[in-house]
Amino acid sequence: MSESSPLLAPPSTWEEFTEGLWKRNPVFVMVLGMCPTLAVTVSAVNSLSMGVATTFVLAASCFLVSALRKLIPKEVRIATYIVIIATFVTVTDYAIQAISLDLYEALGAYIQLIVANCLVLGRAEAHAARNPPLAATMNAIGMGLGFTLSLVMIGGVREILGAGAFFGFSLFGPNFQPWVVMVLPPGGFFVMAGWLLLFSIVRRRAQMRAQENERARAAAETSGACHGA
Amino acid sequence: MSASDNTPQVDAAAHATPTFTLLRALSVVSAICGLIIVGSYLLTLDRAKDNRRLASERAVIKVLPDAKSVKPWLALANGDVVPAGEGDPPTGAVRFYAAYDANGHLDGVAAEGAAKGYADTVRVMFGYRKACQCIVGFGVVSMRETPGIGDKIITDKDFLANFKALDVKLTEDLAGLANEVKVVKHGTKAQGWQIDAISGSTVTSRAVGKGINDAAQILLPRLVPKIDRLEKQ
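In order, the protein sequences belong to chains A and B. Quick note: the first sequence uses the UniProt record's numbering, first residue 1, plus one each step. Quick note: the second sequence uses the UniProt record's numbering, first residue 1, plus one each step.
So that you can see chain A by itself, here it is in the shape it has in the complex (with noise of 0.2 Å):
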């Protein structure tokens, strides 16, 4: 590229940062991860632990990664991430069975399957091997934060309907009927579906709403040119 030609300025850590937690949201924009993100939403407090998981998986790796990029080649990288990313993996199956036996029970395989997590290689080779470390971190502790909150409101809603409750708190005294299929699987996909209908009409909204201020310009533009002339 010549040094004329215009460059993009590269973005700041804070962009990196908040690019995965809307704008290029994981699970409701990427649409990445759906294997925990219906699998293991049937409570707010299982969400959140899953999505600091991840959290945690996604930026040590990333870190990592980032910090050995120059060291791999590109005819083992994929390789290189693997094993890169089962550490982590590895890590926080020994850091929950410690903390909490009732969490781990309550995730399950889930933990081991972020090995498996799309999210996680997607982001290793799109963004951390391509940047520098602390840029790289961010972006994964942003996107990371991102996957975490899609997680939330999803679990949050299930266990709402589902259970009356939210973060094991109960809402609605001992009258309330729970709406159980929300804690089973179909409840995942009915949630997820919800959330992204709503994620798509805000975008289309948006979108028409940036073609009308276009047209508008446009029109202005002309009219005052035809004024001129």
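Honestly, the hints are just simulated from the structure, not real lab data. Nothing here was measured: the structure is a model prediction, and the numbers come from that model. Ideal placement from N, C-alpha and C gives every residue a C-beta, glycine not left out. Each hint should be verified, as a subset may be incorrect.
[To be verified] Within a straight-line C-alpha distance of at most 25 Å, the following computed SDA-like cross-link-like pairs (lysine to any residue) qualify:
1) B:LYS130 - B:ALA102
2) B:LYS185 - B:THR121
3) A:LYS74 - B:LYS157
4) B:LYS152 - A:VAL180
5) B:LYS169 - A:PHE172
6) B:LYS185 - B:LYS130
7) B:LYS62 - A:ALA106
8) B:LYS157 - B:ALA77
9) A:LYS74 - B:ILE32
[Said to hold, decoys possible] Stretches of chain A that chain B covers, calculated by requiring three or more beta carbons in the stretch to come under 8 Å of a beta carbon on chain B:
10) 68-79
11) 83-90
Given the coordinates of chain A, work out where chain B should sit on it, guided by the hints.
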């Protein structure tokens, strides 16, 4: 083929990463990852062990509420009963817990049973007392049964009443249960060894009965002749 046609191949060969570089990258990454895994394993080992022990004790005290201390034992395949040590138990051994009261006397014995439920395996813990030769307590270790339906086994008072004195007497020759523990249709329980199922949760109720029966059939014939050995601890 002209010389110019070969140029890309020559270039590709020239830019290929040397084998040593590939091996070095893989070795360094593996070494770093190995150190991280072993370090975290050593750091969390004691806490994880404590958690497992506490979880077992909690489960035992739930089925034998008078227990003040709990000790794990093994009923070996050869009929012997020995304290459980570290590591995996020998093949065919059944793990159980001896529960002692405040004076150090044997209060009862708790063991786990498991059977296939509606969604997944239902793992249950039951408490056994020598004096009545019966099961005196019941709790669920883990299950993934349908919320609101199968999980009534931990809340339904009528169902839990089955385990106040569930008969698990052995035959005269101590070779097996005199009467198999059986789950019967709701409201038809007539014998001490029968379990009255929850109406609408029959599959999960049956899993509980089968789990207890299968475990008791193996454990009690080995344990009962040597149960005095637990007293002396």
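Quick rundown of the hints versus the structure:
Annotation: proposed proximity of B:LYS130 to B:ALA102 holds, straight-line Cα distance about 18 Å (limit 25 Å). Of the supplied pair hints, the one linking B:LYS185 and B:THR121 holds, its CA atoms being roughly 21 Å apart against a limit of 25 Å. Our distance criterion of 25 Å between C-alpha atoms is broken by A:LYS74 and B:LYS157, whose separation comes to about 63 Å. The suggested pairing of B:LYS152 with A:VAL180 holds, with an alpha-carbon distance near 13 Å, which does not exceed 25 Å.
For a cut-off of 25 Å, the pair hint linking B:LYS169 to A:PHE172 is broken: about 46 Å separates their Cα positions. A threshold of 25 Å between alpha carbons decides the hint, and for B:LYS185 with B:LYS130 the separation of about 28 Å lies outside it, so the pair is violated. Between B:LYS62 and A:ALA106 the alpha-carbon distance is near 20 Å, which keeps this suggested pair within the 25 Å criterion. The hinted pair formed by B:LYS157 and B:ALA77 fails the criterion: a straight-line CA distance of about 36 Å is larger than 25 Å.
A C-alpha spacing of about 19 Å is found between A:LYS74 and B:ILE32, which places the hinted pair at or below 25 Å, so the restraint holds. A count of 8 residues in the segment 68-79 of chain A with a Cβ less than 8 Å from any Cβ of chain B is obtained; the coverage claim is therefore met, three being the minimum. Counting residues of the segment 83-90 of chain A whose CB lies closer than 8 Å to any CB of chain B gives 6, so the stated coverage by that chain holds, three being the minimum.
Hint compliance for this structure: hints 3, 5, 6, 8 are broken, all remaining hints hold.
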